[in-house]
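S.K.: Two chains, two separate frames, one set of hints: put the complex together.
Residue numbers (our numbering), protein chains in the order written: chain A, 1146 to 2049; chain B, 66 to 186.
Worth double-checking, as some hints may not be accurate.
[To be verified] Rough simulated footprint, nothing fancy, chain A against chain B, three-plus residues with beta-carbon under 8 Å:
1) 87-95
2) 116-129
3) 168-174
[Said to hold, decoys possible] Counterexamples of contact, computed for chain A against chain B with all Cβ distances above 12 Å:
4) Arg1394
5) Ala1480
6) Ile1959
7) Ala1999
8) Ala2017
[Stated by the list, open to error] Examples of chain A residues lying across from chain B (beta carbon under 7 Å, computed):
9) Asp1202
10) Arg1222
11) Arg1223
Source of the hints: derived by calculation from the structure; they are not laboratory data.
For every residue, glycine included, the Cβ atom is placed at its ideal position computed from N, Cα and C.
Given next are the chains, with one letter for each unit.
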Amino acid sequence: MRDRLADRAYRALLLAFPPDIRRQSGDDMAALFRRQRRAAAQHPLGALRLWLLAGHDCLRHGLALRLGRGAVTQTCRRTTVTSRPHRRRLDFTRSGALIELRSTLRSLRRRPGLTILAVVTLALGIGASSAMYTVGRAVLLAPLPFGEPAGLVSIWTQRGGGELRAVAPREVLDLRERSQALADVAGWQADQVVLSAGGDAVRVPRSRVTANTFDVLGVRPRLGRAFAPAEGWPDRARVAILSDGLWRRELGADPNAVGTTISINGQTFEVIGVMPRGFHLPTDFGTDRPSQLWTPLDLNLEAIPRAAHFLSAVARVAGGASVEAAHAELVAISAALTAEGEYPEGDEFRVVSIPVERQILGAVTPVVLLLSGAAACLLLIACTNVAMLLITRADARRREVAVRQALGASVSRLLQAQLIEATVLALAGGALGIALAFGAGLVLEATGGSWVPRAGDAAVDWRVLAFTVSISIAVAFLCALPASWASVRRGPVDGLRSGSKLSRPLRQGISSQAVAVQLALAFVLLVGAGLMARTLWSYQRIDLGFRARGALTAQLVLPTASYDTPDRVTGYLRSLVDSVRELPGVDAAGVVRSIPIGSSTADWGIEVDGYAAQPDEPMQSDWQVVTDGAVEALGERLIAGRTLAAGDAAGSEAVGMINEAMARRFWPGRSALDGHFRMRAARDAPWVRVVGIIGDVRHNDLVSGVTPKFYLPYSQFFRSSGFSVTDGTLVLRTAGDPVGLAPAVVAAARRIDPGVPLSGIRTLEDIVVGALSTPRLAGAVLAAFSAVALLLAALGVYGLVAGLVAQRQQEIGIRLAVGAARSDVLAMVLRRGVGLALSGIAVGAVLAVVGTRALESLLFEVTALDPATYGAVSIVLLSVTLLGCGFPAWRAARIDPLSTLRDG
Amino acid sequence: MPRDPWSLLPLKPLVFEILLALADGERHGWALVRAVEARLHKSVLPGNLYRTLNAMQAEGLLDESAGPARIRARQASGGRAPRRFFRLSAFGRAVGHAEARRLAGLVEESRTKRFLEGGTR
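The following block holds chain B by itself, in its conformation from the complex (with noise of 0.2 Å):
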């Protein structure tokens, strides 16, 4: 039976992040780190980062990949490459999907309440 992809929501911050930077094609941890902290604005540590992308894997939102070629060919001559690449599954893409839509939720409501208006940071 297929999943739910609204049974995972709300996504933590940095899980909506990760899937926000596989969109754009398959990444390794460092240049994920590097794409979230630019949004977030606060470092992600390894610990955390690959805790994380296990769970995800766990659950079915992203799969494992070889990586692009070049890099594969580093790892073969026994040079310095990252090992593991991520890359997004069509039910992560799918969660993806469902936590923006509920998110587009949220600020609908709050441009209805005003919220958006004014005010000051």
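Excised from the complex, chain A in its bound form (with noise of 0.2 Å):
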């Protein structure tokens, strides 16, 4: 396999060779060249260099053969010393360059040390940028998978102005019937399934969905059909649509897949289609399991009451009317259903429509185009220190310039030289640039791209190959530049005359300004870098308010058709807890509505007996309900008084929970315990005695501050509310590995009622560390790149100062001929790098105050402006300026003063 790839690659190379010399010969060639790898396999490095070589061979011998020069005999013959000057200086054709391309690769090769570091820094800062640009291409500029995705809105529901939620199968049918605006509104309920397709059978993300769904995102299926309106509801037809990803998978990509049979959850279904790839649903986004698999939802939408709000919506906008225009329509009709007596006033309920491309790229895009400016700068420091590495060169070959120009040569000529060199480095440097963007993108393909959305569908392809090349173009312009204008800015006669130097002051003072700029772009890295960690270190201090390691959730919900009666639902829940608690190794289980950080919670009216509310203040709280254990599970901690217990039954008083921060608020100064309070719901609610106080427990987010919450039983909430509570989430707590039970938990669900299937199962601690992973991911990336931002910045502070060093040797050695300290010429130099890094902090802090305004977004606890992030920064830029110019300053205090003396 490897084999082939190689000589395939081989062949690639052999291109370069006119068609009828590879006709005749690349056979052997190719076989020639294998048994040398073969041979160069031994050595580790052997094989790379082998590589190398080849395509300077084939690239030498091939474009030569093409260009038809070097006559044959001029093959055979060895050249006389004395040709060469005589044609290059009157050849200005196309071969002319490639003389010169031959020249320059031969002074490359000739200082190994310094191309390798030139190609490296390249590759670190056009890498960088072409795996930025790989990512910003798939996450904000390649188009959403739907068929014209500006008109697509999702919908979600709101009540109080309180979260938004998911939609109940009435509301879709609501929108269907009564809005102008919106062509047609489609919906899904995601869940796992077992699927088999003859081999093994796996857990599959599946989503049920109306038959109009794909109609609706505009999406064809790439084989077969889409479902048929009556597929879904009153046919249940068994037919099932794959993705791409799991037909190839499952099905291993077999054509004739339309039409076979495949089994979910034991069930016979017929796959009807298969979807293109790169589609999604527009809620799998961003998701670390995105729905795979298709079936119709077979659900009677008519016979769901309001009350369950279980489907993701989506909603195309009629052709002629506006986004903003639906928007409005939608306000009215959740108006018009309130005023018929569908919601209750104090609901305030709201339908809400957000556009598709914002609700799935609106939290990314700053994420994104930031790290695209950090990539940016990196590659302007790499450029910077490329560009200065090329003006030691130009002066190095002073004179060499000076007495091609005294022999004719043009100014184009000479820059046409430069320039070449710098491309070459480029070029050179993007090809290993490459090689770390693909490696970037395996390592985004490897954690799944639920980082951000579609950053798994990145991929290097001819785009980002095309962006790499005209990158490498551009970077070799602007690193040949400064060198080329300092070798052709003075004339032969000068650059004669004054032996074979640059002017200094031009030469050092290009060089300082750029050291500066580097400095001053590490600077803004650093500091991005440094906010970043603050950030990550004041989220993990947070006080979660409960312990997220060894927890298991699940998803469950409750079908309103069977479970029509709260008792129904609470016999279920209790069932499921009491069979989920004799499993080996669960310590702790229970059933809440709203699993903190998961999802959210939103507020209810409460009156609380002794409070005298303010006319003005809103006697608002958050809500959860629980079961038994469910506390536990959740290891919330308990401050006074008791958790909820089996015995408080529907039948029972009417108890209750409340957090810390209600009870501060109700209760100030005294024990809220044993106090009442109750929801204001249409009907007159029970008192609820409160039984228990729970520490505060951060839920709809990490950052957000903590409401007064309540906790109320499943067995009592019907009472307090008005309606039963038909979902929740299954948490269960073990000392051991929370993920080895959840194949036990299913099993236990489906023995009770194969009809609820659990779904959703994760870790609470996967759910926190999902809620981090765009700042981690920012903050992983800002020190990759300031990292090497610091070491690039280093290098130019070092190439600098050892160049100032070397350059007044002589200097020194008279200065300390005459009696100057060594200690002196030790300051000195240094004096020059501390200056060097003060200008870099200074410019840099300019700039990381406007830079750092797009992180602003992404920061916790820590101001953008934050003084301790920017002296730190400080310190650690001063600390390696004078690293890199410690070196330097030693070797000039140690110059002997005698023998500079003679040599000079």
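M.R.: Written out as structure tokens, the structure reads:
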């Protein structure tokens, strides 16, 4: 396999040769190279060296043959020394550039250290840019996999201005009937199924979709057809559509897959279609387990009560209507539904639409742009470094350039030479950079791309190659210009007369400015990384109020058709919790309506016994519904009193728990235990006695403040609110590995009622980590970029100061000879470094103040202008600068005055 | 008009090495590389080798041959075998002879100038 790949790669190199040569000798050349490869493989670096040599060999000899250069006789006879300068001076043709290229390659080969340094430096800059371009294109620039995505809005419901929530099937029907601005509305519900397509059974994330879903999204299957209107309800047809990935994995990419059957949860389904590669439902972007299988939602939507909110929904805006008009119309429809008595006035029920593009990409756009900016910074630093290296080289070749100028070479010809050199370096750097970008792509793929929506689709393709080549050429110009300017600026006479060095002030001026710019850019990146590090550190220190470690969660939704009374719901939860508790290794188990961090809660109006509210004071509290054991399973802290118990049944005294925030707010200065509150529901709700106080828990996200919250038992919630909660999350705590318990839990649930599937099985730790993925990604990338930037800046400082010391060797020798102390010399060189660092810090601080604005939305408990971060970064930069000039300074102090004077 | 072998001199080292390697009989590319590398102590890559071989053929220094009978048999049976074999032409032998004479002259000259005595590597 590797052999075949290598053969192909070598055949690609052979394309440099004219076709007739390839026909005649291609096979023999490939065979010869194969033997050489085998011989070289014995040495670890041998293969790499051989490939580099082979690339050069093919380009050099192949292109020479193609350009008809090197007449046959020339190839056999050794060229005499005198013939070259003559030809070189007169030859301004295409092959002139080729000669220049050859001489460049030769001179680069003569100084391998410098060449490798320049190529690696450029590779880091170009690689980072290419990687960010790859990701940015996949995430932001590539069109969403829908027909006319601008006309798609996702639909949510909202109560009392709280969190956005899923939609009830009844509401989908309402919108279809009443809305003029929406052409059609589709909905789906995600779950997990066991799929078997002949091979082993596998767990696959599935979505049950309304039959019109693919039409609304404007996507056709690549094979077969979409669902027909009646296939969901009433037909309940057993048909399925597969994702491209699933089709490849489970059906071996069989082109005749349509019409075959697969087994889903033990039932036989017919495959009717395969979706194109890259297709996801709008809710499946940025999740680590997007649905890969779609079956019709086989529910009678009209029979499901309004309270059952479980559908994700998306709508297509009608032709001629705008997204804004659709939004306004939805608000009007919500008001009408409330006026008709479908929803209580107090609910402030609203249907909300969000453009799908904004929903999917809104949060990540600033992050991707920010990281692209960071990559550009890195590229700029790399360019300055290489530009300085080229200046040093131009300096060394000053006499050669002057001679060529004197012999009549035009300025453009000399510029061409510089440019060719820089281009060779930049293209080599670009090639290595692509490899780096490719590696970054593999890392993204390995992490599942769940960090950022669609980042997993990032791939190095021809566009990335084109981008890299153009960046490399731009970089070449950027790097070559200062050196060209410096070397051509003065006439030949001047150049020959004043010896081999560029005029000192000019060279040092350019280099010092370049190093200061580098230090400034490195400062910006370091500040960004520092702020992200502080943010992540603050996140780690957040007291969540629960213990994420050792807990497993699984979502469940009770079908309201069979669980139509509160007693039935409570009964099911009772048996589920009991049977899970019996599993070996389970320490605690319970069901909560809303899992902290993983889902959100909203507030509800309350009355508190003995608390006199101000006229305008909002009397609201978040609400949570739990079974006994849930608080223990989540690892929340009991501050006072007791937790809810199995004995708190539907008919017994109404009891509940509250969090500390609620106790502080409504029972200030006294114990809340045995106090009373009640929900402001449509009808008279019972007063609830507070039996326990729970430590504050971060619920809706990691960073918002904790608001008052009360906990009611599932068994009594109907009495308080007038509606039955039929969904929740099973939480269980174990001392062992929570993931290992998953199969047993699923089996236990199936034994109680196979019609209630557990889905979204994740550890609580995963949920918390997932909430941090964006700052983690930004932090990791910024840290890597700034480390490289710091290294490059240190190299820049070293190069500059070392060159300085070398140039002033004689002067330093004289100083030492006339009595200057070595410490004076040391201080002189270090002063130079400190000066550079300070100017870099000054410019960098200004740039950072502007640049870190983009970061602000990601920061937590630290401001973008955090003085501690700026201070620490300044110290780091100063230390690195001193480190960079430490060695040259030490060498300067050890200069032997006698030998310097003698040699000078 | 027969060409003057001296018109191609001095030969590139690789060309002379190939002439030397072919003096023993016909060879294919891989065998040539092995012979040349053993003496030159540096690797000869396919692009360079075949460009040189083509040029030498065009100059009339060598001819392409069908190769030994066993190789032809292997080719006929579709097996993996080198396609191109080379052997020295009469002109190639003359050029090799001329280059050797030139080098021998240099060696003679070096001896009279005492370049070959004593000294260290």
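S.K.: State for each hint whether it applies.
M.R.: Hints, one by one, checked against the model:
| no. | hint | verdict |
| --- | --- | --- |
| 1 | 87-95 | holds (count 3) |
| 2 | 116-129 | holds (count 9) |
| 3 | 168-174 | violated (count 0) |
| 4 | Arg1394 | holds, 37 Å |
| 5 | Ala1480 | holds, 78 Å |
| 6 | Ile1959 | holds, 40 Å |
| 7 | Ala1999 | holds, 50 Å |
| 8 | Ala2017 | holds, 52 Å |
| 9 | Asp1202 | holds, 4 Å |
| 10 | Arg1222 | holds, 5 Å |
| 11 | Arg1223 | holds, 5 Å |
Hint 3 from the earlier list is the only one contradicted by this structure; the remaining hints agree with it.
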